[in-house]
Amino acid sequence: MIDVQWYLLLSAGLFCIGLFGVLTRRNALIFLMSVELMLNAANINLIAFSQRFGHVDGQVFALFGMALAAAEVAIGLGIILVLYRNFGDIDVTAPTTMRW
Amino acid sequence: MTGAFDLVPAIAVLPLVSFVIALFAGKYMPKKGALAGIAATAGSLILSLWVALTVATGDGGYNETLYTFVEGTGTFSLELGVLIDPLSALMLVIVSLISLLVHVFSLGYMNDEGETGLPRYYAGLGLFTFSMLAFVFASNILMAFMFFELVGLCSYLLIGFWFREEGPPSAAKKAFLVTRFGDYFFLVGVVAIFAMFPATAGRFAGEGSFPAAAQAAIESGQTFYGFEAQTAITMAGLLVLGGVMGKSAQFPLHTWLPDAMEGPTPVSALIHAATMVAAGVFLVARMYGFYALSPTALGIIAFVGGFTALFAATMGVVKQELKQVLAYSTISQYGYMMLALGGGGYVAAVFHLTTHAVFKALLFLGAGSVIIAMHHNENMWDMGGLKDRMPVTYWTFLAGSLALAGIFPFAGFWSKDEVLFEVLIHGLGDSPLLLGGYAMGLLAVFFTGFYTFRMVFLTFHGEPRSDVAEDPEPVRWNVKGPLAVLGALAVVLGAINMVPIKKLTGAKIDYLHQWLDMAPEGFLTSVEHYAGKTGLLHDYAGYTKGYLAGETGTVLIGAAISLGLALAGVLLAYRLYNVPRPEEHTDRLGRAKTILMHNYYQDEYQVWLATGVTLPVAKAADTFDQGIVDGVVNGISSVSRFSGRGLRRLQTGVVSNYAALLTLGLVLLVAAFGLMGGWF
Numbered sequence: 001m002i003d004v005q006w007y008l009l010l011s012a013g014l015f016c017i018g019l020f021g022v023l024t025r026r027n028a029l030i031f032l033m034s035v036e037l038m039l040n041a042a043n044i045n046l047i048a049f050s051q052r053f054g055h056v057d058g059q060v061f062a063l064f065g066m067a068l069a070a071a072e073v074a075i076g077l078g079i080i081l082v083l084y085r086n087f088g089d090i091d092v093t094a095p096t097t098m099r100w
Numbered sequence: 001m002t003g004a005f006d007l008v009p010a011i012a013v014l015p016l017v018s019f020v021i022a023l024f025a026g027k028y029m030p031k032k033g034a035l036a037g038i039a040a041t042a043g044s045l046i047l048s049l050w051v052a053l054t055v056a057t058g059d060g061g062y063n064e065t066l067y068t069f070v071e072g073t074g075t076f077s078l079e080l081g082v083l084i085d086p087l088s089a090l091m092l093v094i095v096s097l098i099s100l101l102v103h104v105f106s107l108g109y110m111n112d113e114g115e116t117g118l119p120r121y122y123a124g125l126g127l128f129t130f131s132m133l134a135f136v137f138a139s140n141i142l143m144a145f146m147f148f149e150l151v152g153l154c155s156y157l158l159i160g161f162w163f164r165e166e167g168p169p170s171a172a173k174k175a176f177l178v179t180r181f182g183d184y185f186f187l188v189g190v191v192a193i194f195a196m197f198p199a200t201a202g203r204f205a206g207e208g209s210f211p212a213a214a215q216a217a218i219e220s221g222q223t224f225y226g227f228e229a230q231t232a233i234t235m236a237g238l239l240v241l242g243g244v245m246g247k248s249a250q251f252p253l254h255t256w257l258p259d260a261m262e263g264p265t266p267v268s269a270l271i272h273a274a275t276m277v278a279a280g281v282f283l284v285a286r287m288y289g290f291y292a293l294s295p296t297a298l299g300i301i302a303f304v305g306g307f308t309a310l311f312a313a314t315m316g317v318v319k320q321e322l323k324q325v326l327a328y329s330t331i332s333q334y335g336y337m338m339l340a341l342g343g344g345g346y347v348a349a350v351f352h353l354t355t356h357a358v359f360k361a362l363l364f365l366g367a368g369s370v371i372i373a374m375h376h377n378e379n380m381w382d383m384g385g386l387k388d389r390m391p392v393t394y395w396t397f398l399a400g401s402l403a404l405a406g407i408f409p410f411a412g413f414w415s416k417d418e419v420l421f422e423v424l425i426h427g428l429g430d431s432p433l434l435l436g437g438y439a440m441g442l443l444a445v446f447f448t449g450f451y452t453f454r455m456v457f458l459t460f461h462g463e464p465r466s467d468v469a470e471d472p473e474p475v476r477w478n479v480k481g482p483l484a485v486l487g488a489l490a491v492v493l494g495a496i497n498m499v500p501i502k503k504l505t506g507a508k509i510d511y512l513h514q515w516l517d518m519a520p521e522g523f524l525t526s527v528e529h530y531a532g533k534t535g536l537l538h539d540y541a542g543y544t545k546g547y548l549a550g551e552t553g554t555v556l557i558g559a560a561i562s563l564g565l566a567l568a569g570v571l572l573a574y575r576l577y578n579v580p581r582p583e584e585h586t587d588r589l590g591r592a593k594t595i596l597m598h599n600y601y602q603d604e605y606q607v608w609l610a611t612g613v614t615l616p617v618a619k620a621a622d623t624f625d626q627g628i629v630d631g632v633v634n635g636i637s638s639v640s641r642f643s644g645r646g647l648r649r650l651q652t653g654v655v656s657n658y659a660a661l662l663t664l665g666l667v668l669l670v671a672a673f674g675l676m677g678g679w680f
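Note that the protein sequences, when read in sequence, are chains P and D. First residue of the first sequence: 1, per the numbering used here; consecutive thereafter. First residue of the second sequence: 1, per the numbering used here; consecutive thereafter.
Looking at chain P on its own, in the form it has when it is part of the complex (with noise of 0.2 angstroms):
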């Protein structure tokens, strides 16, 4: 039996990758994945503590964090297009106009 810490420790490597990633990379592509990088790590860790615990709460929420991230990535991927055929590209610093 792994001890949870080690789960912990799992998750948290990820999520700072996915953190990394989306303070960093300029793709939008690249942001999405880093975005599910971030929420993977979420999940880790409702299992992790479910199977500390002897719940099978955590691993239905993680099942929900999984239809959750679809959902997001149809929307992502949407959001994506439109962004390519406004601005002709996939740069996050690209559209600047929603400002002050």
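A portion of the hints provided could be inaccurate.
[Unchecked claim] Just some of the chain P residues that point at chain D, by a computed CB distance under 8 angstroms:
id : residue
1  : Leu19
2  : Leu23
3  : Asn27
4  : Arg85
[Said to hold, decoys possible] In silico negatives: residues of chain D with every beta carbon more than 12 angstroms from chain P:
id : residue
5  : Glu166
6  : Phe181
7  : Ala610
8  : Ala660
9  : Leu666
Hint data in this document are derived by calculation from the structure and do not stem from the laboratory. The beta carbon of each residue, even a glycine, is placed where N, CA and C say it ideally should be.
With the hints as your guide, set chain D onto chain P.
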């Protein structure tokens, strides 16, 4: 069964109907609304006479609340009601009679002269008559205030009837503003009375009236806002007096009345001589039970009245326009009424109010007749010799003038003599200050006799001084009729209260006194209640009677002095002006004449008060409002605006920046939780 008292509201509603008819249908009617007005005021007169008859034969009064428009729980209510006692019944008859005669006279003065805008004129007269009648039978002071304001509005509308000329609109504005200035104090006084005696709802008569409550407050030693009851009553009374002084043209708020002569002459007769101006005096008489509790207020009323009587009479001496002389004499005569009220002569004041309403309406209508004849030239120096050319006008005008001057046995003699007599005996009693008012009133008698007959001689005697006066335009029955009615009344009306004769012979012919004493016991408005042996004036104001040489002697001396002074004035005028070619003898007054012609610079100093004091104060207040009050509000909003302008730069439009800020916020939050939770 429907009695006269149930129909009292109809007395006022009839002229209101004529107002509506004249306003909306007047231009399609043969006389442009005059006939509706005549019918309505005739109806009012008949109903008023019926009411007066019911008062005389029945139980003497009626005091009902008809409609409560704000119901107060645990505090005062606001009501409309009807109060009929001998005083208001008498006033109803006076107002509707004069109004009827003025409507008839207007046929000659307005219709026959081919004026335009007549529906507006008759609508104004109707609205005025309605408001004035409703004011007279108002049962509480708030209702009285409402109709007091309405008559002021009608006065404004009618003074400014010829609004295309330069003078009338300006005079109308002045009349409105000056009386409004007084009414402002009146309003505060009404609020004070409601605040001090909320249970009374401001009612004038009965056990639940505010004068009765005020009397009870003095008896029980109650205090109001830290003031003793009598002091508080004096202050409330003086506040109400502000409205009275504005409306009845008492010094220093008299300046509007001479200017109000810009209006049509019938309007001057109805509003600015006989009825509306009487509203102020009537109000004091109406709430006399309240004023009688305060010797201070009575003293001020007497002095203001006496001073106004003298002050206005001196200005009347030099005026050149017929109506100006009459205007100043009106101010002066209302001064006498105030003097009588302040001097404890309640009956005398009502008596003089009655006779004055008749003979001053007569004089104004006579002046109107002369003005028609003179093609609207009012300058007396262009007249002369009209005596033989318009005899009806001359004889009636002469009757009115004899009454005004107070010559025996015309109406004005009896009433003015009684005014002076009442003030004299109370002055000789325990209130010697009243003798000052008496002296001023007595001196004014001389001036009254002089200016009245200066006016008569200049207008009617001597030789014609202009072409128009040679061949004046004739006047018709509708002018002569009202003059004849009023002329007859001016001769005989004194008979309603010949107190001197009563004192000399013991015959009970002081009918007006008896009439006013017929108010029901419970109303607390009878003369006995005010001026009886244990009346309010005796118990609260400390008025007692004193005599020079016995009662009869004082009556004779007083009458002889005032009649002598009046005759002296008349004789002086006769010597100076009853010549074929009179000169302006007043020129010999020199600088005094200049001051009199400028009305003692009253207008000048009041304009200076407005432009030199009120305007700078208003400007300072405006600066305070714009700078300090608005400044604080603007200052607070500018903080938000400036901080918003800085903070909005965070919204760059770049998604990565938002993500970085989110992360930063999360890190800070975790760090803060860590520090607070003691993780480190």
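Going down the list of hints, with the structure as the test:
no.	hint	verdict
1	Leu19	6 angstroms, holds
2	Leu23	6 angstroms, holds
3	Asn27	11 angstroms, violated
4	Arg85	17 angstroms, violated
5	Glu166	61 angstroms, holds
6	Phe181	56 angstroms, holds
7	Ala610	53 angstroms, holds
8	Ala660	6 angstroms, violated
9	Leu666	9 angstroms, violated
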